[in-house]
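Undergrad: Each chain is listed here by its residues.
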Amino acid sequence: MSKVTALEQAVAKIPDGATLMIGGFMGVGSPHRLIDELVRQGRKDLTIIANDTARPGVDIGKLIRAGAVKRLVASHIGLNPETQKQMIDGQIEVELVPQGTLAERIRAGGAGLGGVLTATGVGTTVAEGKQTIDVKGKTFLVEEPLRADFALISAWRADYYGNLSYELTARNFNPVMALAADTVIAEAGEIVPVGLIPPDQVETVSVVVDHLVARSN
Amino acid sequence: MSKVTALEQAVAKIPDGATLMIGGFMGVGSPHRLIDELVRQGRKDLTIIANDTARPGVDIGKLIRAGAVKRLVASHIGLNPETQKQMIDGQIEVELVPQGTLAERIRAGGAGLGGVLTATGVGTTVAEGKQTIDVKGKTFLVEEPLRADFALISAWRADYYGNLSYELTARNFNPVMALAADTVIAEAGEIVPVGLIPPDQVETVSVVVDHLVARSN
Amino acid sequence: MDEKTIIAKRVAQELKDGNLVNLGIGLPTLVTKYLPAGIQVFFQSENGVIGMQPLPEPGVAADALTDAGGTPTSIIPGAGAFDSVTSFCLIRGGHLDVTVLGGLQVDEAGQLANWMVPGKMVPGMGGAMDLVSGAKRVIVAMTHTAKGAPKILKKCNLPLTSVRRVDLVVTELAVIQPTDEGLVLLEVADGVTVEQVVAATEARLIVPATVPTMQLAA
Amino acid sequence: MDEKTIIAKRVAQELKDGNLVNLGIGLPTLVTKYLPAGIQVFFQSENGVIGMQPLPEPGVAADALTDAGGTPTSIIPGAGAFDSVTSFCLIRGGHLDVTVLGGLQVDEAGQLANWMVPGKMVPGMGGAMDLVSGAKRVIVAMTHTAKGAPKILKKCNLPLTSVRRVDLVVTELAVIQPTDEGLVLLEVADGVTVEQVVAATEARLIVPATVPTMQLAA
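Residue numbers (the UniProt record's numbering), protein chains in the order written: chain A, 1 to 217; chain B, 1 to 217; chain C, 1 to 218; chain D, 1 to 218.
Just so you know, these hints were derived from the structure itself, not from any lab. Note that CB positions come from ideal geometry on N, CA and C, so glycine has one too. One should not assume that every hint holds.
Claimed, not checked - With a straight-line Cα cutoff of 20 Å, these simulated PhoX-like cross-link-like pairs (lysine-lysine) come out:
no., chain 1, residue 1, chain 2, residue 2
1, A, K138, D, K136
2, D, K33, D, K4
3, A, K130, B, K85
4, C, K136, C, K120
5, A, K136, B, K130
6, B, K138, A, K130
7, A, K85, D, K120
8, A, K138, B, K130
9, B, K138, C, K4
10, A, K62, A, K85
11, C, K120, B, K85
Unchecked claim - Derived DEER-like restraints, expressed as beta-carbon distance ranges:
no., chain 1, residue 1, chain 2, residue 2, range
12, D, P56, A, T139, 23 to 33 Å
13, D, P72, A, G57, 43 to 53 Å
14, A, E144, C, V184, 34 to 44 Å
15, A, T139, D, G38, 37 to 47 Å
16, B, R71, D, T5, 47 to 57 Å
17, D, G59, B, Q131, 56 to 66 Å
18, A, D89, B, T125, 54 to 64 Å
The task is simple: from the sequences and hints, build the whole structure.
TA: As structure tokens, this is what we get:
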């Protein structure tokens, strides 16, 4: 029941036009090898759901520079002027989402919830075109769940079943994305024997992981 | 900045009539010492939010037997006939909530969300009197957030600041309740020096914990 | 073979290699004893663990590792523990392949009632409503009748657990599949006739030309 | 003392012992250098840690421990790490005592705009909208003007970050408190007159009979 898959094969499962969630925060805790291989295989027309696009030509910024991205859902692109330029030029459609709302929308997609009720964004441009609902006399936006065809995530340690542990701020969006995609491909710094990760330190359970790629060969 | 408080003093902060969240699942991972002290101090008219009431005279069942509970919000009372009897006799008002909805309502209370959109309970008696909302053509119940005056929780290990770690199925509702109450009183099996719990194993952050009681003297 | 054993053995055949499975308290937990050889099934306990298995020997019970009934249990290598919020994300979010639940009533619409008898027994729904709403496959494992009265009815008269149609009903007499057209009789137990099943069932059963016999290991 | 130092030192005085505090990228991060002696403040970084502090020395940077800008950082003993979902539960859920954010504009209603200039600069809101909606106290730390033009306006003309009124605005010239009645001038910087502050501000300021001078450590 090992989930270990060769890098090229794992990434080959992703077709052009797919919707991908990619973990990481300014490149920290992103699946670098999977991203590099997506670029190498020349994937295009991707929809990316991620916190940010890192810096120009770095990490998710490589996909931006390669012109592989058609649509982006993110909370922050301030440190990647290439993304902003492609957005202003109309090459990429960008949906900017408050970071906490982005996290909750992904969570709702993975947790089988119908949406997120949040006060964040009420009365701002973020609220445009969205349902609102009053609960106990207060108004909340109804933010819809997000799901993806694939989640590309990065872990510190994995066991062969696909149980995952993360490290400090490299955790960020990885655990929540692992629950919100049809297929989950995880890149891990280390793959250890089953039973070596104590159950209380398993942060992503093996049953949701489909393919496991080692960070280095 | 130690949060350690004497048992009697910590429990004395809870007035009659207070709303309490109490961690645990069939008594596993419940704050046994805090419960015993509530009974000893003769607290009454309490509203309890908990998964269940354990078994007769055991754990939260002690509060039921002592007649300390006026209102109960729980998912399951099947293994405590005393609770069922007090409910049928009209001594306790009981609101039964599906377990996943209970967890999410508490989470919403702690996460600043306006409510929970769930398909669980649609078309059943659970839906009576509740708002519904359609998102992407599907109907969901709007379940309101839950908060409490106090959360009484149980941890495996704590440090003196109040960082907490949990153990296996003794975790259950404890971490989520720690975020959803005005005052959090934690009972810990062991209180260790600050810095001894690795940051990745801190499951409840110290800043939300107000008082810390050792499980044994 | 007694009723419960028949049901548990037949339900066990429904579990596939790699499945994530939740078993309700009571009869459904017997299923673990009859898993087909050579497959690995991950059992989730709603109180916060995947990889649960029965205690292997006396003397190794631990306070912090129990099943949803509070009974000490153990775990396989590769198990993972989590809180109640995460447990129900997995259940509600469609990550659970199969849930096996007990039932008080099932009706022609395939709807299940299993959490209360008004005025008499009010155990509460626990995780049942989320399990039925969220699992990919819902299997009801129950005796066909209660004190001689049918439990498979035209219409449930006890409060429903969910409006979702369950996927399979396994009793000691039969295997029944709820469909758009109604309840289809898939199998009868060894030594049981179609007529006996129909007589013990209030709901209308759709009976195919041939109804095979349940094949159970001895 | 330069502008940024004045702002950072004054903001630091607002932090209390035991506070959980989030600092925006840029100017606000300077605040950590000027904390009052003898108090312990827990700094949250939105990317997933409480107990962040600057790197103590060269050579100890780690890939997996950075601030929200991706810069290596370090942590105090007693720090806790968590994912983005939990990070924003803490922020949105009212667990954060203070957030200190930069600003492009603040207006008479005390509303803040700090996340985009349409057609020119579209960084995105990152965590700012949740921080302003959810923190118990929102402090805006910004220069009073940009290239000579006031940033404290009658009405923001850039997209708002939140409709919530911020609690305090600290600039190199003044400390201003938004209230039901409007913007109250609480303090002026050393060597700055009330008239100078009023001249550099488009919004109407409510000026009390006496306006004390900011008291900053040397």
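Undergrad: Next step is simple, just say for each hint if it's right about the structure.
TA: Status of the hints after comparison with the structure:
1. K138(A) - K136(D): Holds, because 17 Å separates the two Cα atoms, which is no more than 20 Å.
2. K33(D) - K4(D): holds (12 Å)
3. K130(A) - K85(B): It is violated: about 47 Å lies between the C-alpha atoms, which goes past 20 Å.
4. K136(C) - K120(C): Violated, at about 32 Å.
5. K136(A) - K130(B): holds (12 Å)
6. K138(B) - K130(A): Holds, because 16 Å separates the two Cα atoms, which is no more than 20 Å.
7. K85(A) - K120(D): Holds - the C-alpha atoms of K120(D) and K85(A) are around 10 Å apart, at most 20 Å.
8. K138(A) - K130(B): holds (16 Å)
9. K138(B) - K4(C): violated (38 Å)
10. K62(A) - K85(A): holds (15 Å)
11. K120(C) - K85(B): Given that 20 Å is the threshold and the Cα spacing comes to 10 Å, the pair holds.
12. P56(D) - T139(A): 23 to 33 Å: violated (46 Å)
13. P72(D) - G57(A): 43 to 53 Å: At roughly 20 Å between Cβ atoms, G57(A) and P72(D) fall outside 43 to 53 Å, so the hint is violated.
14. E144(A) - V184(C): 34 to 44 Å: Roughly 37 Å apart at Cβ, these two residues keep to the hinted range, so it holds.
15. T139(A) - G38(D): 37 to 47 Å: holds (43 Å)
16. R71(B) - T5(D): 47 to 57 Å: For T5(D) against R71(B), whose Cβ atoms are near 55 Å apart, the range 47 to 57 Å holds.
17. G59(D) - Q131(B): 56 to 66 Å: holds (57 Å)
18. D89(A) - T125(B): 54 to 64 Å: Given range 54 to 64 Å: holds, Cβ gap about 56 Å.
Consistency note: the structure conflicts with the earlier hints numbered 3, 4, 9, 12 and 13.
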